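Participant: If you want the building blocks of each chain, they are given just below.
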Amino acid sequence: MFPRPIQERSRSRQLMYKVALPISLIIWLLPMIAIVATAGRSLSDLNRGNYWGMPSEWAFIENFAKVFGSSSIGTYLLNSVIITLPSIAGALFLSTLAGAGLALYKFRGRFLILALFIAGNFVPFQILMIPVRQLTLDLGVYDTYWGVILFQIAFQTGFCTFFMRNFIAELPFELVEAARAEGVGEWQILVHIIVPLVRPALAALAVLQFTFIWNDFFWPLILIQSDELRPITLGLTVLKGQYISSFNLLAAGSLIAALPPVMMFFAMQKHFIAGLTLGASKG
Amino acid sequence: MTEIQVLSNSRRRTGSTFLRKHQLIIAPVAFITPAFAMFSLFVIYPIIQSIGLSFVEWQGIGPQTWVGLDNYRELLGDPVFWKALTNNVYWLVLFLLAPVLGLFIALFLNQNVFGIRLVKSLFFFPFVVSQIVVGLVFAWFYDPAFGLLATMLEPLGVKFPAILSNENWATFGIILAGLWPQTAYCMILYLTGLNSVNPEIIEAARLDGAKGWRLLVNIVLPQLRAATFIAVVVTIIGALRSFDLVAIMTGGGPYNSSNVLAYYMYDNAIFRYRMGYASAIATILFLIMDLYIAWFLMRLLKNEKGSR
Numbered sequence: 000m001f002p003r004p005i006q007e008r009s010r011s012r013q014l015m016y017k018v019a020l021p022i023s024l025i026i027w028l029l030p031m032i033a034i035v036a037t038a039g040r041s042l043s044d045l046n047r048g049n050y051w052g053m054p055s056e057w058a059f060i061e062n063f064a065k066v067f068g069s070s071s072i073g074t075y076l077l078n079s080v081i082i083t084l085p086s087i088a089g090a091l092f093l094s095t096l097a098g099a100g101l102a103l104y105k106f107r108g109r110f111l112i113l114a115l116f117i118a119g120n121f122v123p124f125q126i127l128m129i130p131v132r133q134l135t136l137d138l139g140v141y142d143t144y145w146g147v148i149l150f151q152i153a154f155q156t157g158f159c160t161f162f163m164r165n166f167i168a169e170l171p172f173e174l175v176e177a178a179r180a181e182g183v184g185e186w187q188i189l190v191h192i193i194v195p196l197v198r199p200a201l202a203a204l205a206v207l208q209f210t211f212i213w214n215d216f217f218w219p220l221i222l223i224q225s226d227e228l229r230p231i232t233l234g235l236t237v238l239k240g241q242y243i244s245s246f247n248l249l250a251a252g253s254l255i256a257a258l259p260p261v262m263m264f265f266a267m268q269k270h271f272i273a274g275l276t277l278g279a280s281k282g
Numbered sequence: 000m001t002e003i004q005v006l007s008n009s010r011r012r013t014g015s016t017f018l019r020k021h022q023l024i025i026a027p028v029a030f031i032t033p034a035f036a037m038f039s040l041f042v043i044y045p046i047i048q049s050i051g052l053s054f055v056e057w058q059g060i061g062p063q064t065w066v067g068l069d070n071y072r073e074l075l076g077d078p079v080f081w082k083a084l085t086n087n088v089y090w091l092v093l094f095l096l097a098p099v100l101g102l103f104i105a106l107f108l109n110q111n112v113f114g115i116r117l118v119k120s121l122f123f124f125p126f127v128v129s130q131i132v133v134g135l136v137f138a139w140f141y142d143p144a145f146g147l148l149a150t151m152l153e154p155l156g157v158k159f160p161a162i163l164s165n166e167n168w169a170t171f172g173i174i175l176a177g178l179w180p181q182t183a184y185c186m187i188l189y190l191t192g193l194n195s196v197n198p199e200i201i202e203a204a205r206l207d208g209a210k211g212w213r214l215l216v217n218i219v220l221p222q223l224r225a226a227t228f229i230a231v232v233v234t235i236i237g238a239l240r241s242f243d244l245v246a247i248m249t250g251g252g253p254y255n256s257s258n259v260l261a262y263y264m265y266d267n268a269i270f271r272y273r274m275g276y277a278s279a280i281a282t283i284l285f286l287i288m289d290l291y292i293a294w295f296l297m298r299l300l301k302n303e304k305g306s307r
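Each protein sequence line maps, in turn, to chains A and B.
Under numbering that gives the first Met the number 0, think of the first position of the first sequence as 0, with each following residue one higher.
Under numbering that gives the first Met the number 0, think of the first position of the second sequence as 0, with each following residue one higher.
Chain A on its own, in the form it takes in the complex:
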């Protein structure tokens, strides 16, 4: 183990470590602590200029009620859900198919296709912006949920396919060979052998995609115009203009926006990190 386990160090070193840990954590999380504390700060504290000191009272419930009552944040949240969930489902479906296609069959050009999927994921969004906007206009899905959903499915399929291909390629190939020898069709092999085995990969991708798509700001900015269709990331910019001096309400709104992916992360941590660190432990 590196560094040397702290238990093997002197008592004073251990004590230092135990003190340093929470202090560094507080400094590191200061921005998050600031959001939470501000979201619970009362109007009277703000009027008194008490922006960063200990709040004299906690006003979480009032602030949240005010945000939901005076802005469209409820709609924004719902829009985020409406955009995010079908996008994840679509990307996972397409990429399971494509990942299996690239992992289970040998044919010329499979590495080229894989390379295109991976490379496409890293391109700057700006090179796609004008044509994709035009494409959604041509398809009649500009300024609808579907415009963003279709784009997210297509774009995220790149990363997901790469991920699924790697996962499927690591599965014991004998299973597939045995099934083929028995005369099982390829579609049946996919549905009854591969899909049950890739469930952990699907879980990892689902949580990752949830945060990526939920937090995405650029594509709704480009593809959505109507206020009533805006997801929460765009909604926050509206709130920023609306609550120009009510920091507590803007903070409450930010907290609400940040909460779903954070909860998803803490609930599915193992899967999330497994997905994110794919390849980090290889030699």
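Think of the hints as simulated: they come from the structure by calculation, not from any bench.
Quick caveat, the model's predicted, so the values are computed rather than measured.
C-beta atoms are modelled at their ideal positions from N, C-alpha and C, and glycine is treated no differently.
Wrong hints could be hidden among the right ones.
[Said to hold, decoys possible] Some, not all, of what chain A presents toward chain B, calculated at C-beta under 10 Å:
{"#": "1", "residue": "P2"}
{"#": "2", "residue": "L24"}
{"#": "3", "residue": "I152"}
{"#": "4", "residue": "T156"}
{"#": "5", "residue": "W213"}
{"#": "6", "residue": "Q268"}
Start from chain A and add chain B according to the hints.
Facilitator: Frame of chain A; chain B shown alone:
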């Protein structure tokens, strides 16, 4: 195996012989086509279209006029373009602090003490928070009138500068905000990497008298190569993609001093209806990014080709 047996029996009864005979050709085509079609339509083809648009003048509607290399020529003489490009270089260089800081935090947290798992998660979770939220918080911190930094420095008699409305500092203020989640990401990559470091090699090196810094540089870091590689690539791409934070914190201002290529492109397309010019900026950004994408792919596929 019984399940497979049942399947094969049911399979024998259905399906035409032609499809079954050529399954190994038809299946991969059928599996890959939907994903590839979507990806081509929304990602690959638009790239080609954008490059094409960079040679025309177009307002977004109406006719497109071929102007050859004029857009690129104009870029060369455009001070905002150079400013944005310079800022992208600042982003790139300073963002590379993220893997370094991430490594040190990972080393700091790679211990077995009570509650460490929760501490690791808490260190990581800035990455899960939307960049828009990160941008809003850092903007509050920097606010010269009532921001946290100004409030903390006030008793010391130090006047905190208005970072985000200062032409010299705005970019660095945004980069610092970006470093926060990026460092968290690199940290988690290194924590995973440290997990799989071979303990026997470490022990052997310790017996040979290696410790501290030398042990880290000569023995541990080479074993963390995979984590470092991913951290560096992802960080570089993150730096070149920077858009959200610029959009929410300064909108490229003051006077374009914090502009980056990604935002300047958006600005030209959406607010000035200069689609051709915007496409030229996007193409330049794409070309810069290609270097890193190519590097990443070459390394990745070299590893992959060995596998099945």
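Participant: Can you name, in rising order, the numbers of the hints this structure does not satisfy?
Facilitator: Per hint list: zero violations.
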